[in-house]
Amino acid sequence: MPKGKKFVGEPIPRVEDHRLITGRSQYVDDIVRPRMAYAAILRSIYAHARVKAVHVENARRAPGVIAVFTGEDVREAIGPVPVASRLPDLKVPKHPVLAVEKVHYVGEPIAVVVAEDRYLARDAVDLIEVEYEPLEAVVDPERAIAEGAPIIHEEFGTNVAFVWQLSGGDIERAFREADLVVSQRMVNQRLIPVAMEPRGVVAEYLPGEGQLTVWTSTQIPHLLRTQLAAMLRLAENRVRVIAPEVGGGFGSKLNVYAEEALVGYLAMRLGRPIKWIETRRENFLSTIHGRGQIAEVEAAVKRDGTVLGLRYKIIQDVGAYHQLLTPAIPTLTGLMATGPYKIPNLHVQVIGAFTNKMATDAYRGAGRPEATYLLERMMDRIAGELGLDPVEVRMRNFPQPEEFPFPTASGLAYDSGNYQQALRRALEIVGYEGLRQEQQQLRQQGRYLGIGISTYVEICALGPSPALPAGGWESATVRVEPTGKITVLTGASPHGQGQETSFAQIVADELGVELADVRVVHGDTAIVQYGIGTFGSRATAVGGTAVYGALQKVKEKATRLAAHLLGEENVANVAFEDGCFFLKDNPERRVTFQEVALAAYLAKSLPPGMEPGLEATYFFEPSNFTFPFGAHIAVVEVDPETGDVQFRRYVAVDDCGRVINPLLVDGQVHGGIVQSLGQALLEEAVYDENGQLVTGELTEYAIPKATDVPWLETDRMETPSPVNPLGVKGVGEAGTIAATPAIVNAVLDAVAPFGVRHLDMPLKPEKIWRAIRGA
Amino acid sequence: MGRTIEVTINGTRYRHEVEPRLLLVHYLRDVVGLTGTHIGCETSLCGACTVLLNGAAVKSCTLFAVQADGAEIMTIEGLAEDGQLHPIQEGFWQKHGLQCGYCTPGMILAAYQLLSRSPDPSEEEIRRGIEGNLCRCTGYQHIVEAIRYAAEKQRVARGARSE
Ligand code: FES
Ligand code: FES
Chain H
3 MPKGKKFVGE PIPRVEDHRL ITGRSQYVDD IVRPRMAYAA ILRSIYAHAR
53 VKAVHVENAR RAPGVIAVFT GEDVREAIGP VPVASRLPDL KVPKHPVLAV
103 EKVHYVGEPI AVVVAEDRYL ARDAVDLIEV EYEPLEAVVD PERAIAEGAP
153 IIHEEFGTNV AFVWQLSGGD IERAFREADL VVSQRMVNQR LIPVAMEPRG
203 VVAEYLPGEG QLTVWTSTQI PHLLRTQLAA MLRLAENRVR VIAPEVGGGF
253 GSKLNVYAEE ALVGYLAMRL GRPIKWIETR RENFLSTIHG RGQIAEVEAA
303 VKRDGTVLGL RYKIIQDVGA YHQLLTPAIP TLTGLMATGP YKIPNLHVQV
353 IGAFTNKMAT DAYRGAGRPE ATYLLERMMD RIAGELGLDP VEVRMRNFPQ
403 PEEFPFPTAS GLAYDSGNYQ QALRRALEIV GYEGLRQEQQ QLRQQGRYLG
453 IGISTYVEIC ALGPSPALPA GGWESATVRV EPTGKITVLT GASPHGQGQE
503 TSFAQIVADE LGVELADVRV VHGDTAIVQY GIGTFGSRAT AVGGTAVYGA
553 LQKVKEKATR LAAHLLGEEN VANVAFEDGC FFLKDNPERR VTFQEVALAA
603 YLAKSLPPGM EPGLEATYFF EPSNFTFPFG AHIAVVEVDP ETGDVQFRRY
653 VAVDDCGRVI NPLLVDGQVH GGIVQSLGQA LLEEAVYDEN GQLVTGELTE
703 YAIPKATDVP WLETDRMETP SPVNPLGVKG VGEAGTIAAT PAIVNAVLDA
753 VAPFGVRHLD MPLKPEKIWR AIRGA
Chain R
444 MGRTIEVTIN GTRYRHEVEP RLLLVHYLRD VVGLTGTHIG CETSLCGACT
494 VLLNGAAVKS CTLFAVQADG AEIMTIEGLA EDGQLHPIQE GFWQKHGLQC
544 GYCTPGMILA AYQLLSRSPD PSEEEIRRGI EGNLCRCTGY QHIVEAIRYA
594 AEKQRVARGA RSE
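One line per chain: the protein sequences are H and R, in this order. Counting in our numbering, the first sequence runs from 3 upward without gaps. Counting in our numbering, the second sequence runs from 444 upward without gaps.
This is chain H alone, in the form it adopts within the complex (with noise of 0.2 Å):
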């Protein structure tokens, strides 16, 4: 028998991975039910267009067509696309799930085919014919919300979809008793999040039960199931989600989509499954955008560095819709707006834009990103104009670790921290002193070192409910079979972070059971119970936490079993470890967890009033968030003659509380710093005037490929949460919060000489050129 913990905090390689290594995993497009059919749609060309006339005769005509359906035909049969999001006087158009009347981004869907393989459906897509009257297009946030601009939905008369503002402290007068005022406007440009797999819809209608099974690649099957009935005007209890092997999301598939009802309702009305695959060209087009904010940022500061207010002005690019979190993404950017210092006096407003492009929604950080970008832009902008170090204004304005849990001017408590040590511990590894006297050297050879600092805190494990729309609990039931082996039912939905092997080196270290007898089940609403799913960096902290809240329910129902099989009357003398059960004053009277499991189930000696069976189910409701944090820094080399930029090191340090497997953690820390490479470098959603997305494909949209990559060097510290019993804040944010800030602020600290104070992202090597020529 093991001797107490051994899975915990250790590297293990994950026990999902074997059938995704051997090509036998499922994900939707793997799917095939018999009698499937094919669905594909047709796509709005035009930003902003009235749709006068949709000719499908001829498609409907075509070889293998099934059926055709346009916006008039589902109209009254499946409702709005829905937004979970509720701020004060939010503008909610009206969101059909196949364009009526008036198309407003392009990649709008306007009719969908149905056919007996997916090259007749796309083939009879092609013969459609709609009469557009194109209308003129607003892609501009700051155009749209000017007078005379087009607009956008005519009923709201505006282009303005919320204002919503947040203030704490007295921020007028942190102005006035500012040494200097140091401001800068910042963009947050629109990126694509590009999960590898595309999404993808198949549906299936069992008319005799009256039941509609969806298989789609979400983050949130429960949630979903919840939308999609609502939509369909189903039974919730008739409606089967599962979301199989789900490619990558980043917050793409933390959504409720158009198709997801639309396939639904197609398996319905015409009696066959039906397959949709989303191209990759409709990935850009129509699965949501993330970022998409212009910010004017005001510091107020003492001549020290001591920052004693901050004064953000902030316009969201919504999109042209609310998808589900639309709203509340800017949200998470005016809470976090404070970031890792003490700084008492904030005042945050945000305009949403509505535009005539994809909606804007959650993408790996939601909101966070954008404030640690800002905040941290800030620091160095501010250690600029008083001539400091940029360490010392963070420094400077650092809580002190006695004074958490610390409270922060946009009402939030911090949980626990120590951004000092993160700090010097990055610099300690990365040599910073002698970095910076090479900086030196360097550029008495015309050569451009440049060192960028990030420190960041982030807001995870969200949340508690009352945080978020729709609960912010999770939910976990341990099933303890007869033989003993252990089903794990996990409201969370992971896809890619690993939680099939987190959980159970929780349930084996709780249980004192093998990796191997413990399966971790997720993804289907018809065997899950009710789960909010994989997002905001929750799953370990808040589902973890659930999981193991339903083993020490367990644990007490076995332990009083236990005792009674060994006639014992005070359980209090029963202990657990091992897996085993034994008397403390007579550790030779015992008996196995098996055992026990076994003797639940047959049930022929229980203590009184106990039921048989040994499973427990428990929700968790976090008491508040966990904020993880930590440091970064980025060395490169600007080339002043091309403005390409050459990483020489990047070094992370993190802290996400009680680590559950550093493998993994270093997985979500490096996936998360090269996402935010992509930002910083070279990813951008470009419209141009005319609303067409001009980076459509992955020709003209980078992502970073294995080239682009530097060696990362991670370090860690662990600060355990005390809002959860495992002691776990989240990791699966981090990097991209942290390190969009660090490269920027690299780049720019590298052609600092030449007179540039800030560049907006991407800094592809023209535009860095160019500043250097033009400065």
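Note that these hints are calculated values from the structure, not bench results. As the structure is a computational prediction, the values presented were derived from the model and not from experiment. Virtual Cβ for every residue (Gly too), placed ideally from N, Cα, C. Please note that a few of the clues may not be correct.
Label pairs and their in silico Cβ distance ranges [claimed, not checked]:
1. Arg449(H) <-> Tyr457(R): 55 to 61 Å
2. Glu566(R) <-> Glu483(H): 42 to 48 Å
3. Ser625(H) <-> Arg598(R): 51 to 57 Å
4. Arg598(R) <-> Val523(H): 36 to 42 Å
A short, non-exhaustive set of chain H residues, derived as facing chain R with CB atoms under 7 Å [unchecked claim]:
5. Ile23
6. Gly498
7. His672
Mind docking chain R with the ligands on chain H? Use the hints.
Positioned in the frame of chain H, the structure of chain R with the ligands alone reads:
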């Protein structure tokens, strides 16, 4: 309008009548039922559909099935022998070279070609060798380590054989 093709996939011979426009990747997935080969773009940019065609890594979304007539193909399903993981698969597992797994089959086969051409690649050679394969999850570092692991393991195996 169909054409008959014969291909050997993972050592098994297949004969099918296919439409001339059927992409090789759809042939493998929808006709033969080997769904381990994934589709991430259909435009030869992501590498998710990488298979070995007569020993060379190709993107199976850029070929028609009829172009593979007479060829030997290996897909991810054919890599493990007798249930024994190939050293590259083992490397991806041990070094956590995958998260969502969607890019993984293509990535593994790209690595297979890389190691057959350059058995002891440097970090830079590895990165160049998988440049045509996109991964959005891992940040590539663990993939680099996975391929190094496999190179090392194969080197040891070769050493043992030549003793
Ligand atoms: S699917 Fe073939 S390269 Fe992307
Ligand atoms: S593991 Fe998800 S894309 Fe590579």
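Interface restraint verdict for Ile23(H) against chain R (beta-carbon cut-off 7 Å): Nearest chain R Cβ about 4 Å off; hint holds.
Once the shortest beta carbon distance from His672(H) to chain R is found, is it less than 7 Å? His672(H) check passes; min Cβ-Cβ to chain R is 3 Å, inside 7 Å.
Regarding Ser625(H) and Arg598(R), is the given constraint of 51 to 57 Å on their beta-carbon distance met? holds (53 Å)
Between Arg598(R) and Val523(H), does the beta-carbon spacing fit 36 to 42 Å? holds (40 Å)
Note whether the CB distance of Arg449(H) and Tyr457(R) lies within 55 to 61 Å or breaks it. holds (59 Å)
Evaluate the given range 42 to 48 Å for the C-beta pair formed by Glu566(R) and Glu483(H). holds (46 Å)
Quick check on Gly498(H) please, does its C-beta sit within 7 Å of some C-beta on chain R? Holds, about 3 Å.
No hint from the list above goes unmet by this structure.
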